[in-house]
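This is what each chain is made of:
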Amino acid sequence: MSLVDIRDLTVTYDARRAAVPAVRGVTLSVQAGASLGIAGESGCGKSSVALAMLRLLPATAAVGGHILLDGDDIATMSFGKLRAVRWSRASIVFQGAMHALNPVRAIGGQIAEPIRVHDPATTRADALTRARELLRQVGLPAWRADSYPHELSGGQRQRVMVAMALACRPRLIIADEATTALDVMIQAQVLDLVSDVIARQGIALIMISHDLSILASTCDELAVMYAGRVVEHGPTAKVVAHGAHPYTRGLARAFPTVGDPASRGRPRGVPGDAPSPLRLPDGCAFRPRCPIAIDDCAHGDIPLQAVAEGRRAACLRAGEETP
Amino acid sequence: MTPILDARDIRVSYASRGRGRAVAVDGVNLSLDEGEILALAGESGCGKTTLAKALLGLVVPDSGRVTYAGAPVTYRARDLRRLRRGVQLVMQDPTGALNPRHTVFDAVAEGPRIHRLGGDETERVTQALSHAGLRPPADFLARYPHELSGGQRQRVVIAGALALRPRVIVADEPVASLDASVRGEILALLLRLRDELGLSAVIVTHDLGVAWNIADRLAVMYAGRIVEHGPAADILTQPRHPYTRALVSVLPDSPVGAPIVLSGETPDATDIPAGCRFHPRCPALADGTARQSHVDGDCRARDLPIMDARSPGAACHLVAPPALGWPA
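Order-wise, the sequence lines are chains S and Y. 234 is the number that the numbering used here gives to position 239 of the first sequence; each next residue is one higher, with no gaps. 144 is the number that the numbering used here gives to position 110 of the second sequence; each next residue is one higher, with no gaps.
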């Protein structure tokens, strides 16, 4: 059984006058100890998937389909059970560490809080000892437990968020743009730390990012989302180097490889813009921007289908030799 | 050839409450030729944005001098107007840079109105929009920012800069807030403006991929100084300064081999280390390379000279003095 099993997930936001389909049928799974990257650009629905996994979406969002965590359906879980699942089975690291931490409490107490909530038998002193231990695991000195968030740099705060995510020994960490606001070198430090921690403790990772290069260096598998759907899924290295979907190829080219003469002096992107979820084109949602679209792309639903061993793509021309 | 924009010995500091002065730019020489694209790269707090502001006349340096089109900037109103018309800023976040209640026409016409440029305003605006790739311009004139995509908004911001027919654009992280698939299009636009209008550009960026994509020349800043500069392709494939090497090494499929993840963080601008400002984090000092070359004492105690604006090189005790002269 998979640790996480997402089946035909839909998320629809209720905006003032319209229903906004943010996620339109996503099916993904993650085995214990494995890592999955979800790549995509603003508005593609990747963060809605992350939030739905821990039932953190606002009340205006209607969720369909199933999310099974260790076989338990998140959607039908009692709130008490859900509280136990958050932190202890799956925890989430967000982008803005400054806003996620309480500015008027020392960080040791903040890390200790979920520990005591989940195991009320833990004494305050024991929880603080564990908090100091966690800080050491993420490369911060134990005395930092007495510091306040404003006394830490952005990278240190993000380390604190990782420590909190580890506090209740989860089996899954969801990282939603966890390193996006950080400088390259600090980002490399935090990614090294996350990779090291999950490998040592056998934790599964779902990493969500707009940055393909970050996912390429961290995740075994990669799912690429566009307009609320997974358009390609497979082993990360293969998907990044030889995308089967034209959007994947366009996205990969948009991240130049420094030193590669092909991208020197030739910035490349994908012409046009992603469609508004309120005005999705018929057929393939990528068709208006697609360089290889054919007439058939304008009709019906383009399903995600196997294109090679362990690889799926939602493109009618995925099997052909196309630029 | 006279550079279009030139900075000599620029030093900018800010008062920092209770901690003395924060030296954001600590002596920088920089020059930009006509039709040249220069990338100014570095991590947050390295001084790249402050240096860009000094080039735009938005901060008055404590010392040093900015020269635009051969004439030194004196910070008198008339001089500044000339500088600000000729050197235009493009900001990072197009959504924040545009007034949500102004149409595209008003946004682009604002600069020419402030500078009281006569002539046909509509023609000036449509021409700028067209240069910025918003075609046909008439379709965009009456639109509001919320009706545009992120990439289109950034094009409007660029059109606003172009409406003054500047000779230099200073773009502060022009693509950092854009989606990857749109980023390439905006960078291609900057290249095209250089080719078609002969514009020069300073691109402030933390992303070395941007420098690889479009920059002729690259200057890497660390803690208020330029630590390496030269032709972008040379620096990015054969970085010489250990800091640049580390930055390049953590890129995906890096041309310099195994990633060197530096420990620690960039120093605080109120407390810049003595000697080489990079020495507390320098891998070449830590692994004994500096010692073998008998420069470890210098690394810890002797500050490096400020780099010349014209000669490529690296401000590092381990690297031989930069070659004299800039290849024509």
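Treat the hints with care, as some may be off.
What the hints assert, rightly or not - Now the stretches of chain Y that chain S is said to cover, found in silico as 3 or more residues with beta-carbon under 8 Å:
1) 115 to 129
2) 176 to 186
3) 209 to 215
4) 264 to 273
5) 280 to 291
6) 294 to 300
As the list claims (entries may be wrong) - Beyond 10 Å from chain Y on every Cβ pair, some chain S residues (computed):
7) Asp0
8) Asp3
9) Ser37
10) Thr124
11) Gln132
12) Val179
13) Ile181
14) Asp215
15) Arg261
16) Asp268
If you are wondering where the hints come from, they were derived from the structure by calculation, not from laboratory data. From a predicted model like this one, the values you see are computed outputs, not experimental measurements. We treat Cβ as the ideally placed atom computed from N, Cα and C, and that holds for glycine.
Q: If any of the earlier hints don't hold here, list their numbers in rising order.
A: 1, 9, 12, 13, 15 and 16
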